[in-house]
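**Q** Residue numbers (our numbering), protein chains in the order written: chain A, 1 to 113; chain B, 1001 to 1114.
I should point out that these hints are in silico values taken from the structure, not numbers from a laboratory. All C-beta atoms in this analysis are idealised placements derived from N, C-alpha and C, irrespective of residue type, glycine included. You can trust all of the hints, since none of them are fake.
Mimicking DSBU-like on lysine-lysine, the simulated pairs with C-alpha atoms at most 35 Å apart in a straight line are:
1. A:K42 - B:K1078
2. A:K58 - B:K1057
3. A:K108 - B:K1078
4. A:K112 - A:K5
5. B:K1057 - B:K1083
6. A:K105 - B:K1078
7. B:K1078 - A:K5
8. A:K68 - A:K108
9. A:K71 - B:K1057
Short derived list, chain A residues pointing at chain B, Cβ under 7 Å:
10. K42
11. G43
12. P44
13. L46
14. G99
15. N100
16. F103
17. K105
18. G106
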Amino acid sequence: QQQVKQSPQSLIVQKGGISIINCAYENTAFDYFPWYQQFPGKGPALLIAIRPDVSEKKEGRFTISFNKSAKQFSLHIMDSQPGDSATYFCAASRAGSQGNLIFGKGTKLSVKP
Amino acid sequence: EPEVTQTPSHQVTQMGQEVILRCVPISNHLYFYWYRQILGQKVEFLVSFYNNEISEKSEIFDDQFSVERPDGSNFTLKIRSTKLEDSAMYFCATKDRVGTGELFFGEGSRLTVL
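Bound-form chain A, shown alone (with noise of 0.2 Å):
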């Protein structure tokens, strides 16, 4: 109940292209839910955040979706340009507890100029 399943594992889009990483959750008590990016050799970063009391945010050419009642968030990357490609993190946390992270398997996300 812990986990976040996170797909697809990779992802290879052409440049100007959508890319969508899926991510689904059990624990009803998780309330926030980000997606963080990392380059090789770097830590994550965050990229952007949901919390369930809405249904989309969208940040430039970033957008979470979120699903409550089936338990689902995505990432979709408009206009997906070879700079994004990196490793996409879904993850969630519990109210009062959001430093403690579970996150997705990751998706390695390549953008083909």
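Starting from the structure of chain A, add chain B where the hints point.
**A** Just chain B, lined up with the frame of chain A:
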């Protein structure tokens, strides 16, 4: 831009040896965390630390692990007697407040246990 600084960047040690990994948090941050990432796997929570005590820890964080903030600046993770399976990237993360404050990660310390 403020950053979390970790040392060493890479440490190689023999099984059974003690290792200390160090982290300098962002200056106004009060909440500190250690995570680890075994090569090719997901990032896993180890422990959270606030007000000089552990607030939460995972099953991974057994008696071989300890954390402290000895001088009010460095935040350290000690592994008393390393095992082969402790080989991983260890990330320190910090944030300034409880709630939805952003968690900032350092670049990690790679530990290799031989």
